[in-house]
Amino acid sequence: MRVVVAMSGGVDSSVAAGLLAEAGHDVIGLSMQLYDQRAKPEAFGSCCSLDDLHDARRVAAALGFPHYILNFQEQFRAAVVDHFVAEYAAGRTPIPCVQCNADLKFSTLAERAQGFDAAAVATGHYARVVFDEDRRRYRLLRSVDADKDQTYFLFSLTQDQLAHAMFPVGHLTKSDVRHHAARLGLAVADKPDSHEICFIPDGDTAGFVDRQLPADDRSGEIVDSGGAVLGRHRGIHRLTVGQRKGLGLATGTPMYVLKLEPVESRVIVGPREELGGRHLTATRVNWIAGAPPDAPQHLTVRIRHRHQDAPAVVTPDGTDRAAVTFIDPQMAITPGQAVVFYDGTDVIGGGWIDTASA
Amino acid sequence: MREDFGNPSSVHSYGQRAKGALDQARSEVASLIGADPTEVVFTSGGTESDNFAIRGAYDALAASGRRRIVTTGIEHEAVLNTVKALTLRGAEVITVPAGRDGLVDPAAVAEHVNSETALVSVMLANNEVGTIQPLAEIALLSKAHGAVLHTDAVQAAGKIPVSVRSLGIDLLSMSAHKFSGPKGVGAIWIRRGVRLVSQATGGRQERSRRGGTENVPGIVGMGVAATLAQQALSHADAVAALRDRLETSILGSVPGTAVNGARDHRVPNTTNISFDGIEAESLLIALDLEGVAVSTGSACSSGTLEPSHVLKAMGLPQAFARNSLRFSLGATTTAEEIEFVAGALPRLVTKLRRLGRTAEALR
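Same order as they appear, the protein sequences are chains A and B.
So the first sequence is numbered by this note's numbering: it starts at 1 and just counts up by one.
So the second sequence is numbered by this note's numbering: it starts at 1001 and just counts up by one.
Careful: at least some of the hints might be erroneous.
Stated by the list, open to error - Heads up, simulated SDA-like pairs for lysine to any residue below, C-alpha to C-alpha not over 25 Å straight-line: (1) K1084/B with M1/A; (2) K1084/B with A1232/B; (3) K1351/B with T158/A; (4) K1351/B with G277/A; (5) K1351/B with Y35/A; (6) K1351/B with R321/A; (7) K174/A with R57/A.
Derived by calculation from the structure, the hints in this document are not laboratory data.
Just chain A, with the same shape it has in the complex (with noise of 0.2 Å):
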């Protein structure tokens, strides 16, 4: 079977394909180069830099398999970056994997690999994907390394996306993983895990959104919930619920971002226990098994990517919006992020946060 593998130059996405070239697979290795390689040499980014492709390809070359790389860039600006931008200034704090992954990768890509006569895209996610011969449908299931596990970012695919996906490491373990890669003899055995936003390497979010925005003055007041001025801040895409440090308060308690309003480019601050939040309303909600449930559900939902997934009720609003209370308060439950729903190891749905209230 001819599998197209979205190749970032990681160890997963490596691995991921020397696994299927193994069992018998035609591979195509593909990369994405997404942002200009030669205007800004120091803007490339910890995922997919100039680095990175050499070394997807030099993996390929390895295992024997063709490699190409495609040039996303005006793609990743439109569906990725310009809309991580506007989640700022909207007082949002968006997470851009998630679109990453459904409009290039489980999109673009896969629209390109079926030029190529591709049956698949596999990807190195620690996921997994199983058919239901009962109900005739895929399963989104967590990975085998519950630390690993990265349904998080994949709760948009659809049925038909599923149906073409590949996730060749979500059975194993990181450390089966970095075993096969030795065993393989890839080069990208020992190579360090990325974290950061690919396209802010630098890790300053409110310096690169700064640098995005016309220079307008975005400055507002904070207030605590009783309404009461407390200081000025510089704009609220600098900020996120649940931070602290940055808001350049002289007060007695911590005070924590608990809520951004950006029609009075206004920033509510209290101490933690204000926090601490029991409901969201979620928009643009992708059912895994295709449509909504019909009634409540008792799940867990996780509501950012290192968040324990608490138990809570989900409550269907149409097709694509959800209602959750969550059984004990959350922590920082702030607009922008994902939120997904889960039964046990099954993912049964997601969306973006869009509300929260205590």
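Here the structure of chain A is known, so what remains is to put chain B in place on it, guided by the hints.
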């Protein structure tokens, strides 16, 4: 390499043998472009030759107030990025666009040349669309003010007859691997009397124009390739006939295709074709998977495809920069291979267009 391993600068007999090999190669390369061997300096390739020509001429003339460089938008990046780098050192760069036919208008170049012009750099044959520039006319119109005239002939030397004397220029860059020689070796022709400031200072090799021990095996290979290329020039018509056959077949069997650049002023082995509604990148990969190697514009450092700056400088719409492919033929390309490509293309293009439309509809 086994027997003539001496350093050509050494006095002993091994060194003398290597020196002899260099001299022979110099004569062979000079012969390909109708030049005197003493005017040929070996380099590491076309990029170094372009750098030497442009920086060397600018360094020689800038002090006397000549700071203008006139070039064109369809040059190779070796020229474009070098003149751009010189703007940081006070150069005033004028970039003349080409017409839709891929040809530069000599009058458009000449009108920018004045007494403050250090250098005029116009390529002989374009590397993407293959068009041969009216260089003799450009030289004639531009030389009145005493500027140095350079041509990047990397895509022309060995493919079409080149005579530096009849072109009326001062400097010419060439590269061995563009006429089946080894990679990593090239040459610059410097007309006697033209002063260039050396860019690789060191020993007195290459008449003190380029320091550093010569790449003897590469240079010998370049000499042999130059001789073979010169002999093969008589077969150019046969290559052009195959190229035209491929072109006619594609234009006839694939709707929405067009040839970029003037068809009657081209090197014989290239055609650049736009495919309406196709990502050239995808078609390139689909062809490669069938064993057919083609290219787009020019490959960038990551091996991906940059929208062509040449097609843009020709004033073609942005879409052309994304949907055009370059097919290059070699001396060994056969009619069967041409038939194979011509046969595969309609099928691949139809499939890619169908997928593109489906994706568009889903969005």
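Now the hints, each set against the structure:
For the proposed pair K1084/B and M1/A, the alpha carbon gap of about 48 Å is over 25 Å, so the pair is violated. The straight-line distance between the Cα atoms of K1084/B and A1232/B is roughly 37 Å, outside the 25 Å bound, and the hint therefore fails. A distance of roughly 24 Å separates the Cα atoms of K1351/B and T158/A; the hinted pair therefore holds under the 25 Å criterion. As the CA atoms of K1351/B and G277/A are separated by approximately 52 Å, the hinted pair breaks the 25 Å bound.
The suggested pairing of K1351/B with Y35/A is violated, with an alpha-carbon distance near 28 Å, which exceeds 25 Å. Annotation: proposed proximity of K1351/B to R321/A is violated, straight-line Cα distance about 37 Å (limit 25 Å). Proposed proximity of K174/A and R57/A is supported: the alpha carbons are some 22 Å apart, at most 25 Å.
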